[in-house]
Amino acid sequence: MNLDAISLTLKLASLTTLVLLVLATPLAWWLSQTHSKWRAPVGALVTLPLVLPPTVLGFYLLIALGPNGPLGQMTQALGWGVLSFTFTGLLIGSVIFSLPFAVQPIQHAFESMGTRPMEVAYTLRAHPLVAFFTVAVPLARSGFLTAAILSFAHTVGEFGVVLMIGGNIPGQTRVVSTQIYGHVEAMEYAQAHWLAGGMVVFSFAVLLALSLLRKRWGRVMP
Amino acid sequence: MSVSVAVAANFTAPMQKIAQAFEQDTGHKAVLSFGSTGAFYAQIKNGAPFQVLLAADDETPLRLEKEGMGVAGSRFTYATGRLVLWSKQVGYVDDQGAVLKLGRPVNAQGTRTAAPFTRLAIANPKLAPYGAAAIEVLTKLGLLQELQPKWVQGDNIAQTYQFVATENAPLGFVALSQVMVEGRISQGSAWVVPAHLHTPIRQDAVLLAKGQGNPAATALLQYLKSDKAKALIRSSFGYEL
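If you read the protein sequences in the order shown, they are chains A and B. Taken in order, the first sequence gives residues 1 to 222; the numbers are from my numbering. Taken in order, the second sequence gives residues 1 to 241; the numbers are from my numbering.
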């Protein structure tokens with residue numbers, strides 16, 4: 001039972017990270033380059049999940065994904081049904097929940113490389129997309145690494161949102177954090193210790209790896 | 001004097017009313033914390049300052065008493081919970097609970113109406129007595145295996161109610177006290193599950209070690225046994241006693 005929760009958590013965290021890298025890259029690029037008046041509001045919106053209590057996110061997601069909510073209406077119209085209490089619903093929640101952890105490191109990396117590298121690339125008549133992928137992305141790689149690791153770790157540590165929209169379904173929405181909570185509530189403290197201790201070790205290892213990798217990757221320029 | 005009380009989530013609404021009356025009648029003050037019984041147990045074992053526990057079951061108070069955290073001889077049943085199959089939609093749940101067997105709502109003429117339901121909300125049976133009672137009912141009706149794939153589990157009965165109230169689940173087993181206002185089922189449609197379909201959901205209260213010697217704690221437990229409190233618990237919120 002614990003193994004199911006662990007493998008589900010890893011699956012959720014991997015997929016969330018993948019989706020987030022795809023979504024966050026253009027968003028971070030736009031935020032780092034634009035002078036639009038929308039920059040500040042969009043930036044604030046992206047950061048919102050960082051400061052909101054997960055219960056707020058979970059509560060609104062539950063309502064939004066529900067049959068009468070805007071997202072729920074949309075998913076039903078598309079024939080996907082209602083997504084609360086499904087793995088897909090959890091994935092949507094996780095992506096929103098960890099969005100700032102993906103966007104901000106990438107955005108900062110793009111900002112810190114300045115305008116010079118891309119200007120040089122354009123002068124050499126590189127196509128903007130080619131320039132982006134061969135110049136900007138490699139230069140910002142430590143930002144991408146940080147974004148990936150933080151998104152993954154933050155998703156593993158997610159609890160409030162899952163509790164609100166999950167429904168505790170084995171193999172679908174019962175992840176490690178809710179499993180630990182279940183063990184504690186059921187007074188199965190020995191099992192809770194195994195998982196909870198594992199989480200502490202895992203989280204420490206992730207943060208340690210992150211700081212070591214950044215040291216190495218941050219310095220070496222291509 | 002004031003007394004700090006840990007209250008099971010399903011007893012939230014009645015306890016707020018009782019505490020109000022208690023304060024008026026006795027001059028003592030009851031400070032209420034609401035939550036799940038399992039979490040309260042862990043907190044009490046680890047030094048939480050609660051003086052009285054109103055549990056959602058009868059096992060936790062017994063366990064606390066055996067472990068020396070509850071005062072021996074102070075336990076009593078303050079309410080017996082009733083289970084209800086409830087939907088936010090009017091006419092979705094019929095008063096015989098046939099919707100469970102058919103897998104979709106039926107109207108008065110017995111003809112099938114809406115699409116089959118795909119989700120049935122229940123409280124986690126491992127954690128919540130109302131969840132365990134719901135499993136008993138499904139077992140007695142012979143529907144356990146058929147309906148198990150449709151379960152969505154709330155961590156406690158309050159969350160289960162939330163799933164149904166937001167219509168993320170079209171129907172679910174909740175506590176009668178949650179859907180009753182002033183002695184009537186306030187909205188949607190419901191089947192009050194006959195009591196013989198599950199073992200009684202006895203909710204016990206216990207005086208905790210930290211409340212020993214506090215006159216407000218003793219007064220509150222006494223007050224819960226009074227006719228006034230009993231009448232409120234029974235008629236307004238649908239518990240049995």
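Mixed in with the good hints there might be a few duds.
Unchecked claim - Here are the computed distance ranges between Cβ atoms for each label pair:
| # | chain 1 | residue 1 | chain 2 | residue 2 | range |
| --- | --- | --- | --- | --- | --- |
| 1 | A | 207 | B | 142 | 47 to 57 Å |
| 2 | A | 134 | B | 149 | 25 to 35 Å |
| 3 | A | 7 | B | 185 | 15 to 25 Å |
| 4 | A | 60 | B | 212 | 36 to 46 Å |
| 5 | B | 149 | A | 209 | 38 to 48 Å |
| 6 | A | 214 | B | 103 | 50 to 60 Å |
| 7 | B | 142 | A | 53 | 51 to 61 Å |
| 8 | B | 76 | A | 52 | 35 to 45 Å |
| 9 | B | 184 | A | 21 | 24 to 34 Å |
| 10 | A | 73 | B | 185 | 56 to 66 Å |
What the hints assert, rightly or not - Each computed DSSO-like pair below joins lysine-lysine, with the alpha-carbon atoms no more than 30 Å apart:
| # | chain 1 | residue 1 | chain 2 | residue 2 |
| --- | --- | --- | --- | --- |
| 11 | B | 210 | B | 66 |
| 12 | B | 140 | B | 126 |
| 13 | B | 150 | A | 11 |
| 14 | B | 126 | B | 29 |
| 15 | B | 126 | A | 11 |
| 16 | B | 17 | B | 230 |
Read the hints as simulated data drawn from the structure, not as lab findings. Quick caveat: nothing in here was measured; it's all calculated off a predicted structure. Note that CB positions come from ideal geometry on N, CA and C, so glycine has one too.
We went through each hint and held it up to the structure:
1. A/207 <-> B/142: 47 to 57 Å: holds (52 Å)
2. A/134 <-> B/149: 25 to 35 Å: For residue 134 of chain A and residue 149 of chain B the Cβ distance comes to about 50 Å; the hint is violated.
3. A/7 <-> B/185: 15 to 25 Å: violated (42 Å)
4. A/60 <-> B/212: 36 to 46 Å: The hinted range 36 to 46 Å holds for residue 60 of chain A and residue 212 of chain B, with Cβ atoms some 44 Å apart.
5. B/149 <-> A/209: 38 to 48 Å: Because 40 Å falls inside the window, the suggested range holds.
6. A/214 <-> B/103: 50 to 60 Å: Holds, at about 55 Å.
7. B/142 <-> A/53: 51 to 61 Å: This hint is violated: roughly 43 Å between Cβ atoms.
8. B/76 <-> A/52: 35 to 45 Å: holds (43 Å)
9. B/184 <-> A/21: 24 to 34 Å: violated (53 Å)
10. A/73 <-> B/185: 56 to 66 Å: 28 Å Cβ-Cβ, so the 56 to 66 Å window is violated.
11. B/210 <-> B/66: holds (15 Å)
12. B/140 <-> B/126: Since the Cα atoms of residue 140 of chain B and residue 126 of chain B sit roughly 18 Å apart, the hinted pair holds (cutoff 30 Å).
13. B/150 <-> A/11: holds (23 Å)
14. B/126 <-> B/29: Between residue 126 of chain B and residue 29 of chain B the Cα gap is close to 34 Å, so the pair fails against 30 Å, i.e. violated.
15. B/126 <-> A/11: holds (26 Å)
16. B/17 <-> B/230: With a Cα-Cα distance of about 12 Å, the restraint between residue 17 of chain B and residue 230 of chain B holds, given a limit of 30 Å.
In terms of the numbered hints stated before, the structure departs from hints 2, 3, 7, 9, 10 and 14, listed from lowest to highest.
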